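Top line first, the protein sequences correspond to chains A and B. Quick note on the numbering used here: the first sequence kicks off at 1 and runs consecutively. Quick note on the numbering used here: the second sequence kicks off at 1 and runs consecutively.
Simulated from the structure, these hints should not be mistaken for laboratory data. Possibly wrong hints are sitting among the right ones.
Said to hold, decoys possible - Stretch-level coverage of chain B by chain A, calculated; a stretch enters the list once three of its residues show a Cβ under 8 Å from a Cβ in chain A:
#, region
1, 5–17
2, 128–134
3, 160–170
4, 286–293
5, 333–347
Nothing here was measured: the structure is a model prediction, and the numbers come from that model. Backbone N, C-alpha and C fix where the C-beta goes; we use that ideal spot for every residue, glycine too.
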Amino acid sequence: MKLGFSPEEELFRKECADWLNAEMAGEFRDIRGITKLTASPERRKEWEQRLGEARWGCIGWPESWGGRNATLAQQVIFAEEYARAGVPGRVNHIGIELAGPTILAFGTEEQKQRFLPDIAAGKTIFCQGFSEPGAGSDLASVRTKGRLEGGEWVVNGQKIWTSLAHISDWIFVVTRTEEGTKGPKGLTFLMMPIDQPGIEIRGITQINGDAEFNETFFTDARCAADSMIGAVGEGWKIAMGLLAFERGVSTLGQQMGFRNELDEIIAAARANGAAQDPLIRQRIARAEIGLRLMRYGALRMLSNTDHSKIDGAALTYKIQWATWRRSLGELAMDVLGQAGEVTDGSTYEWGTLPNLFLYSRADTIYGGTNQIQRNLIAERGLGMPREPRGDI
Amino acid sequence: MHFVFTEEQAMIGETARALFAENATSQRTRAAMAADGIDAALWIAFCQELGLSGIGIPEAAGGAGLGMVELAIIAEAAGAQVAALPMLGSLALSAQAIAAGGSAEQQAAHLPALLSGETIAAYVHDAGLTAEGDTLTGEAGFVAHGASAQLFVVTSNTGAWLVPADAPGVTVTALTTMDQTRPYARVSIAGAAGKPLADAAAAIAAAHRAGFVTVAAEALGGAQACLDRTVAYARERVQFGRAIGSFQAYKHRLADMMIEIEQARSAVYWAACAADEGSDEAALAVHAAKSFAADTFFMCAGNMIQLHGGIGFTWEHDAHLYFKRARAIQSMLGDGNWHREQVATMILGEAA
C-alpha cells in the first residue's frame, strides 16, 4: 500500500502543470476558470482540439488511437493538474469517457478507425441518448424504435436529458429494434450523426436558469447500418458496459472541481465571519473530510485490479459524491446567508456557490438516483433480493 | 501510488482474521466480560504464538517493524470480533509511547514484557497533571483496562512518565463500564514517583497517532461485522412471506451502512498509510479517520439492533457488544467534535 508518487511521476506532474498553465495564460486565457458546462462552447471545442493536437486529450488511450498509453498514476496526476490549473471541464467528456472506451471495447476495427482518432483529436463531440420520458430510472424500458431500411437504420422516438446535445456532433442511442420486446431484450446500440433533418433538439431550462440538458426528437432519423456497436439485440449489454466506464479516472478531475468549490466556501466563511461559528466549523471539517475520503476511495477503486470480487468503493462512489456535493451546496448557502439568495446582475444567473446549491439537486438524480443507487448497492453489493418488477 | 494491500499485508490480515474468528468467540468474550475484560489465553496466543504484538514497533526497539497500515489491519480484525484484549492500552498507546519516547534502557526494560503479553500497560492521560520534579499528582477517570495493568504510561500535555501500578501513591479503582470488553478504571496518583520518558513529545505524538489509527481500524472492523451479520439475518428472517432483506426500507438501510463503511475504510488506510509515509496529510488524516470511523461504527451498530428487531435488543445477541464498543470508541481519545475541530483549525485557523 503506497500513496506517494515517484520522482518520475512528480516530474510528469510538472510537465502537465507547465503545459496547462502556459495554455491557460496564453491563447486560452479567456476560458480559464469557467465552471459552467454550457459557457463558451465554441472556444471550448477549440480547446478540445488543442488538447488533441498536443496529445493530452485522452492520455490513457493507446498511442495508436491518439493517446499516450499513460499509467494509472499519470492519469491521476493529469486529472488533478488539469483542474488545479483552472481549466474548464471537457465538453467532450461523453466522447472521451464513454463513447471512446465503448468503441474501443466493443467496436469493429473499422469503427475504431473511423471514430477514435477524431475523438482523441477533439473533432468529434459525442452526447448520450439513453433516458426517455418513460425510461428514467427504468432505463431498460426504452421505446425509441429503430428499424433497418435500405441499408440504413431509421430511428423514431424521443430521448431526454441529453446533456450538451446542442453542441454535439454525434449521439449514441439505445433503441428498441425488436417489435414487441420488453425490458433489456431487443435493444440495439446505435451511433447517429446529429446534423440531419430527422433530429431536433430542444433545450430544457433547469432550476438554475441554465439549459445544459435537452430533449432530442427522432423523426425518421438515419444512420448507416454499420453505425451499430455490437450486434442487433445486444444494446443492453453494450449500454451496461459503457456505464461501467463512468467511474474512471475522470472522477479525480471532478473532485478537483469540488475542491475549488469547497475552497470558495472556506474563503466566503473567512470573509463574512462564518468561519468563527462552531457549527459551521464542524460542517466545513466534515466537508473537508468527505472530500479527502472521496479521493482515497477513488484511488482504492482505481488501484484495484482484482475484479473477481465486488468493489465496494466503486459501487458506493456515485451516491457518495452526489450526496456530499448536495450537502456542500446547502453549506454554501448557510455560509452566505441571504446574500446568497440575490445576485447583482439583472439576469437570472448565479455565481459559483448559489449555482452549486441549485445544480447539486441534479447530482442525486442523474446517472442513477440515490434510491436506485441504494437498490444497486443492496442487491449487487450485499446480495439482497431484487426489487420485483411490475407489469404495467 | 498503489492504494491496495501488498501480498504481505493481505497475509497478515488473513492470519489475524483467522485467529480472532476462531478464538474471540462470543462465548469467550462474554467470559472475559464477566471478569476483567481480557481474554488472557487469547492475548498470550496473539502476542506469543502469532507474534503479532510487535507490529508497528521498530525492530530496533524489539518489535516486528512494519507500520501503521499493518497495525490497522490487525486492529480491524480484532474489532470485527469485539475481541476482549488490551491491544489499545498496552500496545497502541503504551508500547508505542515507550518505543518512540523511551531511552534505550527504558525500551529494553519494558517492551519485551509488553510485547510478550506478560505485562499489561495502560495509558493514563491527565491534562491537569502536576509534576514536582518527577513526583506526580493527578487523576484520570477512564483508563482502558486500567485495573488489569501492571504499568502505567502517565502523560500530561507536555510530559510522559512510567509509573508502576503498585507504586506508593497510586490508587486504581475498577469501574463498572458499559463496554465490558474494555472496562475503565479510575487511576488516582497522589505524589507518586514517575520515571520520565526521554522524549515526552515523541512519546505522546506516537501514542496519539497509533491510538487514533487503532480505534479507527477497530471501528471499521466492527462496522463491517455489524453489516455482515445483519445481511445474514436479512436473508434468513422471513415476515409477510418474504425474506425481510427484500423490503426496500430494509435494503436502503443496509446500503447506507455500506456507503459509510467504504468511506471509513478509505479513511483508516489513508491515515495509516499517510502516517507511515510521513506525509503532510497525516495529521489531518488521523483526526478524519478517528471521527469518521467511530461515527460509522455507531451508525452501523445502531442499525444492527434496529434491523434485527426484538432479538437485537436482547443480552443474548451480540449486537449490544458492538453497540457499546461503538459508543465507547466515539468518546475515547477525543470525541468526534473535538477531532473535527482539529481539522477545522488546520484549514480555517483557530476559532477566536
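Query - Structure versus earlier hints, numbers of those that do not hold, lowest first - result: 2, 3
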